[in-house]
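K.L.:
Sequence:
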Amino acid sequence: MVEKDEFESIEHKIMALRENSRTGDERKTLDEVFDRDTMLGIYKLMTDGYIDTIQYPVSTGKEGNVFAVADKDGKLYALKIYRTSNATFNRIARYIEGDKRFRGIAGSRRKVIYAWASKEYRNLQRLEDAGVKVPSPIRYQRNMLVMQYIGTKRGPAPLLRNVVLDDPETVYETIVEYMRLAYQEAELV
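Numbering (my numbering), first residue to last: -18 to 170.
Simulated from the structure, these hints should not be mistaken for lab results.
Incorrect hints may appear among the rest.
[To be verified] Calculated cross-link-like contacts (lysine to aspartate or glutamate; reagent style DMTMM-like; alpha-carbon spacing at most 20 Å):
| no. | residue 1 | residue 2 |
| --- | --- | --- |
| 1 | Lys114 | Asp148 |
| 2 | Lys100 | Asp54 |
| 3 | Lys56 | Asp29 |
| 4 | Lys92 | Asp148 |
| 5 | Lys43 | Asp33 |
| 6 | Lys134 | Asp52 |
| 7 | Lys114 | Glu168 |
| 8 | Lys92 | Asp16 |
| 9 | Lys53 | Asp33 |
| 10 | Lys25 | Asp54 |
| 11 | Lys100 | Asp80 |
| 12 | Lys114 | Glu101 |
| 13 | Lys100 | Glu44 |
| 14 | Lys43 | Glu101 |
| 15 | Lys81 | Glu168 |
| 16 | Lys114 | Glu158 |
| 17 | Lys100 | Asp110 |
| 18 | Lys100 | Glu168 |
| 19 | Lys81 | Asp52 |
| 20 | Lys114 | Glu166 |
| 21 | Lys92 | Asp18 |
| 22 | Lys134 | Asp18 |
| 23 | Lys92 | Asp110 |
| 24 | Lys92 | Asp52 |
| 25 | Lys114 | Asp54 |
| 26 | Lys56 | Asp80 |
| 27 | Lys53 | Asp29 |
| 28 | Lys134 | Asp54 |
| 29 | Lys114 | Glu150 |
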C-alpha cells in the first residue's frame, strides 16, 4: 500500500514539472499522461531505485510521451509512458488484432497497454541481443518503459533526419545491416 505522504511527494514532483511547462499544450499533455495508475507505477519505479526525478519532456507522440529521468546518482534514463486513453487503446488494439500473444486481454484497455509496454521491452532486449544498436531496456512497469537515454543533460540527441551526415552511404549500410539483424537474428519485422 502506498503511503499517503509518499504518494503526495510524487504528485508534488509531477506538479512541479507541470508548472515548469512553458505552454498550455505541454500542461494538457502532462495531465493526460499522469493519471493515478501511472503515478502509482512511477512511485514503484522510484521506490525500487530506478528513477529519482523526472527531469524534462523529451518527446510527445500519438501513443505516449518520453521524459528524461534521473536516478539518485544523477544518471539519465528515458521513461516512455504510454497513454491509457481510448484513442491510444484503439490504435494499439488494431495493431495487435490476431496476435496470439495478446489473446484474452483484448477487452481490457489497461491490460492491452501494459502488455504493449512489456512487448516493447522484450523486443528491445531481442534487438540488443541480436547486435542492433537500440536504447538498452532497463525495466518496464505497468504502462511505462525505462530505457537508456540517448543525449546529454542539455537535451536529447537530434533525430537522424535533422543531422547532416559526413558519410551517408556508410550510415545507410549500417541501417540496412541492423534491419537484417532485426529480421534474421531477432526474428522481428
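K.L.:
Would you list, in rising numerical order, the hints stated earlier that this structure does not obey?
P.N.:
Failing hints, ascending: 2, 4, 5, 19, 22, 23, 24, 25, 26.
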